[in-house]
Structure formats: C-alpha cells, structure tokens
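**Q** Sequence:
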Amino acid sequence: SGVGLLMAVSLWVIRSIGAPSTEIAVSELSHASAEVSEIVFFLLGAMTIVEIIDAHQGFKLVTDNITTRKPRTLLWVVGLVTFFLSSVLDNLTSTIVMVSLLRKLVPPSEYRKILGAVVVIAANAGGAWTPIGDVTTTMLWIHGQISTLETIKDLVFPSAVSLAVPLALMSLTSEVNGKERDSSNLLASEQMAPRGQLVFSVGLGA
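Each number in the numbering used here corresponds to the 1-based position in the sequence shown with 1 added.
If you are wondering where the hints come from, they were derived from the structure by calculation, not from laboratory data. Only a predicted model underlies this, so the values are computations on that prediction, with no experimental measurement involved. Warning: the hint list may mix true and false statements.
For lysine-lysine, the following PhoX-like pairs were computed, each having C-alpha atoms within a straight-line distance of at most 25 angstroms [what the hints assert, rightly or not]: (1) Lys-114 to Lys-71; (2) Lys-71 to Lys-105; (3) Lys-61 to Lys-105; (4) Lys-71 to Lys-61; (5) Lys-114 to Lys-61.
Construct the entire structure; sequences and hints are all you get.
**A** Take a look at the structure:
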C-alpha cells in the first residue's frame, strides 16, 4: 500500500543518515532489495498464473462441485477448499480467487461476510504448512532455512486445528444456521474455455 511504501522509504532514509558510510548504506539497501525482489517476482508469477486460469474459467472445476446450499455445509466446504488451494498457491492469491468466486456464489448478505472471513482464516492457515503458501515460509524456503517435507509434517496439523476451531465457532452463529440459500446464476451463465481444464491443471502444477 501507499502507507507501507512511505514508511519503508522513510525508514531507509533514517538508516542511511545514520550509516557509517555511503558504501555500507548502499550495500544494505541492495541486499534488502534483492530479498524483497525475489518475493515480488514470485508473487507476480503466481498471480499471473491465476489470472490465466480465471480467464479460461478454469476455476469452474471448483465451483461446479460446490453444489450444497446449506449454509453450515457451505461454510465448511469453502473453508476446506480455500485451505488446500492456499497450500499450492500463495495465501494472498487464494484469498483474491475465493472472494471473487464467493461474489458469484452467494448474494450480498451478512452470511457472505462470514464466508469472506472464513476465506481469510483458511487462506492463512492453509498457507502456513507449505513453503510456497505464505510469503514468510517462501522467504525461508528460498534461503534454505526450511525443507518442504519437514515443514509439511510439522505444521499441517496445527494449521488444520487453527482452521477447524474458528469454523466450529462460526457454525454456531444464527446466520450460518439459517435456511438454504439461493445461489447466483452468474457462474452458470459462464462457459469454460475449450482448454480450461488443461490450463487449470497445468497452472496448479506450475
């Protein structure tokens, strides 16, 4: 965001003023910029893949299988789909994708706001147990600080618990325990591109 960029520039200006020499300040700035650039280019690539899949309506493979209209069941389905989607994509990209799909699946209501909160929780929980699911774990993985198998083995259960507890609590709310809800017809009117399934499979594999 603009505030974040302003704060970053301000902090580096203060650090440069207090640096022993210009060479040290430039060296530290170059090192930090290189680390940030690795993450930025990784996210750009990931979000480009997602946009290509979305342009071919590849995510209809996911939404077409969400047939339930029971609020409580849909709550858990959305949470689990986001949880596993975030483990193969980064959590920010998964959140953007799922929120976009929710706008087509569920009409505007308090219930949709709850589902939006579920998406955020599930994306963060799902992104924590794989090296590519979160910016922090990605940075550690790129620099060789963590391994793929050890990260999955150590964090998959805590991540699942951190999702299950909020979902269980949200399942008790009145908005979730209401009647079955009508879905939007926007997804039904969209047709998958001829190679949408191929693009979806290759995109996730990339």
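**Q** With reference to the structure, classify each hint as holding or not holding.
**A** Here's how the hints hold up against the structure:
no.: 1; hint: Lys-114 to Lys-71; verdict: holds, 16 angstroms
no.: 2; hint: Lys-71 to Lys-105; verdict: holds, 16 angstroms
no.: 3; hint: Lys-61 to Lys-105; verdict: holds, 11 angstroms
no.: 4; hint: Lys-71 to Lys-61; verdict: holds, 20 angstroms
no.: 5; hint: Lys-114 to Lys-61; verdict: holds, 22 angstroms
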